[in-house]
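With chain D held as given, fit chain R onto it using these hints.
Number of protein chains: 2
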Amino acid sequence: MRQILWGRGILNDLRCRGPYYWSDLKDAYNYRVIPSVVFIFFTNLLPAIAFAQDMFDRTDNSYGVNEVLMSSAMAGVVFGLLSGQPLCIVGVTGPIAIFSYTVYEIMKPRGTPFFPFMCWIYLWGMVMHFIIAYFNWVSFMKIISNFSCEVFGFFICIVYCHKAGEMLVRQFETDGVAAGFASVTIALLMVLFGLGATVFGSQLHYFKPWIRKIFVDYGVPLSVIFFTGFIHFGGYLGDVHLSRLATSRAFEPTTNSAAVGRAHGWFIHFWPGENISVGDVFIAVPFALLLTFLFYFDHNVSSLMCQLKEYPLKKPAAFHWDFMLLGLTTGISGILGIPAPNGLIPQAPLHTASLVVHDHNGKPISVVEQRLTNTLQGVFTFVLMTGPFLIILGLIPQAVLCGLFFIMGINGFHEGAVINKIRWLFLDNDYIESDPDALPMWKELSRIPKHKLKYFYIYLTLQFVAGVAEFAITLTRGAVGFPGVLLFFMFCAKWLWKYIIPEEDLEYLDGAVAEDFIIKSLEVHPSDGEKLQYDSEADDKLSA
Amino acid sequence: MRQILWGRGILNDLRCRGPYYWSDLKDAYNYRVIPSVVFIFFTNLLPAIAFAQDMFDRTDNSYGVNEVLMSSAMAGVVFGLLSGQPLCIVGVTGPIAIFSYTVYEIMKPRGTPFFPFMCWIYLWGMVMHFIIAYFNWVSFMKIISNFSCEVFGFFICIVYCHKAGEMLVRQFETDGVAAGFASVTIALLMVLFGLGATVFGSQLHYFKPWIRKIFVDYGVPLSVIFFTGFIHFGGYLGDVHLSRLATSRAFEPTTNSAAVGRAHGWFIHFWPGENISVGDVFIAVPFALLLTFLFYFDHNVSSLMCQLKEYPLKKPAAFHWDFMLLGLTTGISGILGIPAPNGLIPQAPLHTASLVVHDHNGKPISVVEQRLTNTLQGVFTFVLMTGPFLIILGLIPQAVLCGLFFIMGINGFHEGAVINKIRWLFLDNDYIESDPDALPMWKELSRIPKHKLKYFYIYLTLQFVAGVAEFAITLTRGAVGFPGVLLFFMFCAKWLWKYIIPEEDLEYLDGAVAEDFIIKSLEVHPSDGEKLQYDSEADDKLSA
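Chains as they are written, first to last, in the working numbering: chain D, 1 to 544; chain R, 1001 to 1544.
Derived lysine to aspartate or glutamate pairs resembling EDC-like cross-links, with alpha carbons at most 16 angstroms apart: (1) Lys454/D x Glu504/D; (2) Lys208/D x Asp1435/R; (3) Lys213/D x Asp1428/R; (4) Lys1208/R x Asp428/D.
Think of the hints as simulated: they come from the structure by calculation, not from any bench.
Next up, chain D with everything else stripped away, as it sits in the complex (with noise of 0.2 angstroms):
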């Protein structure tokens, strides 16, 4: 029976969204496109061009800003125009980047040309993809917890920061440590600024609301800017040489190389025996296993976030279909020697957010669900490898992506699940008792009884070591093997938790991801009376 449905996850979606495709292009025709356009293609650049540098020192720049622009181009354009969900913004992710560097590490010793190597694990990828997409096996997302989710996030948070302070050391090592001073004091003022923006928007009353928000959809990109001129300043910063951002030519690779295995630019000639050997080509299979956990895991869990039940969405997801294109640009990156991109957080909801209406009283009432938002910024991208904006792009300090590392991470802290129920732990309970401004988070794990806070502190101590074992393991040699340690707590949660924490506490605490309509459309075929727990029911059974 269950047989004939192979295949019929990616038609599903192909046939619920399709009847959408005009009014996709249709709907376009909306003014918050263009201030959405805006921040998302900052939003996007900035962090990708953070990670090119990142990759670009730890690769011998077999990676740099041009790979990570013409993926992040391609992503946009092929998710924008062909996806089922075009919300979902696609483009290069940290994980990503430490995948990329630490395969290199590992194979650079062993004279393993890197393009070839991983344009095999790509394809292997793009493989395990289509397959995953033929036999609905994107269903299993369901599996995944809020667990899993939130240690993702605290880990990614951690590396962001790691990353910061490692390329502030690295201007110390290559610059001296006048420079390193100097940019440990650029990336304290932008995080400043950055921060400061998103404080002022948000928390503070200067200027009417509209022109707060500019302070907060703009203030990181206009950091940026002004930073990158302000070390033209004059005075001691004069005295001082700042490292930039590294660019290449137009359009061209960072690196054209015999040695790596790019010796004919985009185009990676990969046959076994000849650009590599056979015996490395099945070597790129265990690889390709954990970036396709990785991608399934990351890729999922954003076009979740972007269409939340917060957002009202109308039109439908194609979550199977949407694999199936994650597979293709992952082989295309492969062939084109470029870093593959997926799933952005916090990119993807922050989109939806931009693209929200609202009434008078400030209520969500629509999102304008398009494709132009996604496309543009792919194309604006691609604009990008032209020779004059490489410049601009090339004036960059390498201290202002220290502090957009930063920002990021102290950005991601501050709404994280995880350093929230810390920040919980030490809250004056008066406070979140009477003040409106509490998050809810706080008010409903202060309703825990007592006796049940025991589990609710094993918990929290769980997904603590889950994120600092996931973040320690990228320290080590064993780097790349990072999304196993993911895959390993996300079986844990489901299947180990449950014998240290009851299991209608466990329930509580740790609820599914994707919340009920959206398992639905996961689904491909009709329910077999199985019933999920929900936070309301267990809610109900606790304080029962």
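Relative to the frame of chain D, chain R by itself:
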């Protein structure tokens, strides 16, 4: 008839306050005295040593840490034990630092020995203080309006921030670019932690309120201690040499040099003709006039501010007696060759605030009015002049002092009337009307009728110009004349502005500094029927 009242102010003060002397000692037996002493000790000490470093640099080491400590210690003990208002903290202020080094800069090229000259300024100043006290002229405080007070506060904050920047630049000059940028980094972090502690303690909701109060009270001293240790953190900080606070030998003057007129240790030989020319003795008179006006203004305003209506004080004030006492400490300072102390803002009001006793609803019910806190902080400051403590003080990096100046400046701006009026210009009116946290001042400004607003703009512009003018003159060769500029604008506020702004509006915008009940205590003869306009009356007029 009038001359029989001469000296009556001082006598009245002694007669009124005298009977409380025993209770001033007895009332010190209260728990609040302990945290208050610790708090005011650091709050007084830290800016003092920052000014010490500044004077040290700008007077060729004539004044240094020991002179400043001696001055603060003497002031604490004398005013703690003998003054009529022992809550008023007296010490080395920013203006006297500016006054001192500008006198040095003016007189040094003339070959005048610095210490005998300062001694004569202070001796003349003492005489002038006595005259003012004897003729009850402290009563004229009532003609000083809010205009000058607010401008003075604004001016001081600009000076703080400017000093911070100046001292940072000096780090580049003396220790090189690397140490310079390291200092900037430390100063920035110091500001983040120092102000962050205040925000953490007053705006955020972690821990119980009494723990948060610790962050507010001790955040800045703890930051000083932390960052003094931080420079030994190692890494690249070990590669730079950071200048520390300059200290000298225990209980000895910083410099014993005949060239500047300090050949005999603490005791300055000031005999005319022998140690200083007779001409110079008389040149000291105009300087003494400026100094006297500065102290008249600064000390009495400090004293007023530490006995505002919001602090429920029960014991009487003693302005005339205290001003005579200030003349005495000024004279002694001259003879000891130390900068003369006077009333400190914001330390004086902060001191009273630290002694307020609240009921369960946080309403102030009384103040622990006693002599112990002021005296003890003076004694502790004296103890700092011992060898071991000087060594500890000598560990403090100058970068930390820069951070301290920034913190003082920013805190001052945040509380200052001029800046808060400027903030009002940019604030969202909806917020001011609806949010209970909006400053009462803003709510009041928002009630000004539209056709009257132009007078507010004019008034604020005049304040801004006056503040900037006062600061600007400190950058010129005529820096020492800045109290004259203060005096000039005081007269403008009294007699000139009314030709620009209609009198009833000016009355509304510019109230008397001294509140009703204080003015009564300033006057020594029955009121001659002249009626002063207060805010509330002017308010009624405007809204009518």
